[in-house]
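Given two chains presented individually in distinct reference frames, assemble the corresponding complex, making use of the accompanying hints.
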Amino acid sequence: MSDASPPSRSFLGRHQFLIYRLFSLSGLVPVGAFLVVHLLTNASVLGGPGAFQSRVNLIHSLGPLLVPVEWAFIFLPMLFHATVGFVIIANGLPNVGSYPYAGNVRYTLQRATGMIAFAFILWHVIHLHWLGTPLGGGRFDPHHASSSTARALASPLVTALYAVGILSAVFHFANGLWSLGITWGLWTSPAAMRRASAVSIVVGVLLAAAGLGALGGMRALDVDAAVTIEKRMEEFKRLQEGTPPTPAAEPRGRAVSRRSEAADEAVRDGGR
Amino acid sequence: MIKAVDGTVTGNDHGHSAGGGGNGHAASVAERKPIRVRVLRQDVAGGESYWERFEIPYEPNLNVISVLQKIAARATSLDGRAVAPVAWDCCCLEEVCGSCTMLVNGRTRMACSSLVDKLLEEGDEIELRPMSKFPVVRDLVVDRRRLFHSLERVKAWVPVDDSYDHGPGPRISPEEQQDAYPLATCISCGCCLEACPQFTKVETVQRAGETAESLEKRRKDSFEGQFVGAHAISQAMLFNSHPTGRMIADERLEALTSAGGIQMCGNAQNCVAVCPKHIPLTRSIARAGRAATVWAIKRLFDR
Chain A
1 MSDASPPSRS FLGRHQFLIY RLFSLSGLVP VGAFLVVHLL TNASVLGGPG
51 AFQSRVNLIH SLGPLLVPVE WAFIFLPMLF HATVGFVIIA NGLPNVGSYP
101 YAGNVRYTLQ RATGMIAFAF ILWHVIHLHW LGTPLGGGRF DPHHASSSTA
151 RALASPLVTA LYAVGILSAV FHFANGLWSL GITWGLWTSP AAMRRASAVS
201 IVVGVLLAAA GLGALGGMRA LDVDAAVTIE KRMEEFKRLQ EGTPPTPAAE
251 PRGRAVSRRS EAADEAVRDG GR
Chain B
1 MIKAVDGTVT GNDHGHSAGG GGNGHAASVA ERKPIRVRVL RQDVAGGESY
51 WERFEIPYEP NLNVISVLQK IAARATSLDG RAVAPVAWDC CCLEEVCGSC
101 TMLVNGRTRM ACSSLVDKLL EEGDEIELRP MSKFPVVRDL VVDRRRLFHS
151 LERVKAWVPV DDSYDHGPGP RISPEEQQDA YPLATCISCG CCLEACPQFT
201 KVETVQRAGE TAESLEKRRK DSFEGQFVGA HAISQAMLFN SHPTGRMIAD
251 ERLEALTSAG GIQMCGNAQN CVAVCPKHIP LTRSIARAGR AATVWAIKRL
301 FDR
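Taken in sequence, the protein lines are chains A and B. In terms of our numbering, the first sequence has 96 at position 96, counting the first letter as 1, and numbering is strictly consecutive. In terms of our numbering, the second sequence has 130 at position 130, counting the first letter as 1, and numbering is strictly consecutive.
Isolated chain B, as found in the complex (with noise of 0.2 Å):
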């Protein structure tokens, strides 16, 4: 790690000696240029953004999330005025929970996982934007329920929802369980949907004096026929693959072959290149391809 840190310092111009041993190291710390950090902020749902820029001392081994619980206790902005804390989503710390997705210079990744020192390798200063596909929930939170919903519609998971006793499941080979685990390991971050080129934007902005019932129900309607995204299309082929979990492949291809399927698919593979995970998304992509025109022939003429 100290060497990691050493590389830096020497690697910028600030040009002091090597001679200095520990103190040295200490003092090359303190004399780097404070982290500057820009915001795409935002108050409300459906409200105008804007760009807010901080500043923090420097520090090594900063991620994104510890710049912001940083810029959270000044909650002062670069122009010394006192402001509202940014707000953002995460939990785990550890890319496993997928909820704190963030346009990070521009490229969607994981707060958690994107280190400071890395980034700065990038430009003088951080950019932090919320996601772009999702509806802004405020600052860099967002509204993630349409890929939650995506889930919904390719029934991404086993149908054993009983009390009553099936009994040991059937046994899975190892090899199958090589192909399954990449794709189990998915977290819903949603890095798969905003990088993607065909997965748009879908935003339901409550009208005054709208009901939460009425809100939700216009939220879901406007889903339908949308784009489910690679993720959805990956869990889809998971579960297809489950001994168990087969058993409604066929509903599962139904979702798939409907408005909005796996015909969207435009195959810029930014899914496979942006996932934090690296999922093989285009693999399941393409099986699910060739899953659909096997089911598609097969309805044809089975019917």
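Bound conformation, chain A alone (with noise of 0.2 Å):
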């Protein structure tokens, strides 16, 4: 090993701060800012099925650019921090058992909850994003925003799994800021540290909230009303753009309320 060029050498080597840096930077811009949006958006939910509604049509009246703006501004910068994470994580060695500091239990922690965020946040963009009940739930349907989610969230094991999601992907970006700041050098003194630290958990907690309050509100969520309201949106903004039906949107509404009446045929037939 040692006769190989060192290290330090390699391009890698040379543009390593750089590199970290980026890295630094990437999950506070664009990812976390990102995961701040996202949550947000889906604790709308607790505002009802339409006001989630509108807030997904919005983000979709970007139309044919919705697919390069999430590669560009979400999938590759994720990628990055998550390639440069994993090179950072195989070459430290926690100590936490011998030196059991709440800051080295955060360092740890920051590990741990990266890579749990990166293999649930892999699933949930498979599963809900691209392909579907294939890898449990169902899929998002952006014209169905509340109901589909709804559906797809169902199983007391998806919910369970996606809590530790976000939970995992929440403490990450909540401690990342406060070590974020040290590492560019805003905050300085112990002092400062532990301000910053107060401000990081505040973020952390209301972020949480959100995210297990859209994951409570999709659950509460009373599907049939969902659909019709979404029904309603859909047939609204059609009207408004004066476009007729779209082929793939109708048969999957019908699909729902086939399904839901005969829920309700089973509820009155239990009820004879």
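Simulated from the structure, these hints should not be mistaken for lab results. Errors might be hidden in some of the hints.
From the structure, some residues in chain B lie toward chain A, with a derived Cβ separation under 10 Å [as the list claims (entries may be wrong)]:
1) G46
2) G47
3) C196
4) T200
5) E224
6) G225
7) F227
8) G261
9) I262
10) Q269
11) S284
12) A288
Some residues of chain A that are not near chain B, with every Cβ distance over 12 Å (derived) [stated by the list, open to error]:
13) S26
14) P142
15) V205
We put the CB at the ideal spot given by N, CA and C, even for glycine.
Right, dumping it as structure tokens:
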């Protein structure tokens, strides 16, 4: 190993400082900023399926630009952050057993939650965003934002996995915020670090409340009522734009109502 | 002192009556269980390590160095075999030279300021291991060349190494002195490096028939690109705050932003927690981070 040229002379060695600083920055912008927007958008479901649907409609008003924007500002920065993160984790040697100080516990948790959040996000994106049911849960339908999400989260196991994933991502972001301030030299004295830590905790608690609130809101949702509202909103949008009904959206809605009719029948049968 | 010893004795489960006065105190010390010590030994650099147990009679107010001295005087293991005395490093015995760092009960500490009466509160047996982040030379003696190599990398000195008369140095305000003094108390003990999860061991073992020059060159190469560590970052900040030392501030920042520099810090903050001199290492690290930020931006736009 020592016969090879020293790691400091390789491309990654020569640009290590820049790469690690970009890693630190990407955790805040755009990845962290996206997390905040995402969790707050989700939490809008607590204001009813209509509130959530209108926010989703706003995002989807990007139309064909949505996919490139997603890749440029969310997926690629996230993959960069995760790749460098895994290199950092691989080079570290956690020792929280010998030195169980609060800072060291946070250092270890930062790495653990990073890995959990990465695995969670991978699963979350593939099942809710791309593939749907093969990976458990269901697929997100932007025309039926609340009802499709509520159906995907119907299983208690899926909800539990989401709770773990959300809390991991939130801890990673909040603690990363504190750590980032030291890395860039924003807070330097121990007192300033303590104040920054308090602010990070508040940010973390509020974000966790938003994330778990959204999860609870989705589970508490009356799916049939949500479908009605969403269909009405879609109809209204269509009338506004003057476009004919999209063939993709129609059968989905019908399938839902058919299912809910069947459920209603089952309830009535049970009552008899 | 006597009061402290009495406190430990009465806290013990021997439960003798306190009526004996001076004699009672002497008897209670003799009554105490002998001190058991477990040492992780290694005969040669790069060799296998093994545990060996020792026992010495209890005495109040011992430190780990005096325990090692008593073990050396007997050179007999717990199972009665005559063994080579345990090798260790020490010099000043007052937390100034920084040479007796070892893992006492699993934690990095100075052996000289590790008091046995306190250690016995942690458990019946005292465990001694060499530092885990530096190559073992023998038993508890480690090779800390990398620690000093890091100080060379960041040029932790004031560059006035010539015979020319530069006249009186610039004045330093009392505020600046107050700020710098704690950093100047660093004893290069390596505790901050031992406890750092980002600082990992680098060992170069001599090959069969290898010359000392070749080994030394390989060793120096192996340090390149490895994390410099909290002590070097703090010393770089100390000399960058000094009016004369500041003259090569950019060279230090260049070193701190090269491979293995400040960016390797993971903010676990163990360094500041274990530092025997209570040096504000994380403040130095954050200041170095700020200086590196400014320096990187300047370099980007000024060239």
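Unmet hints by their number, sorted upward, for this structure: Violated hints (numbers, rising): 1 and 2; every other hint is consistent with the structure.
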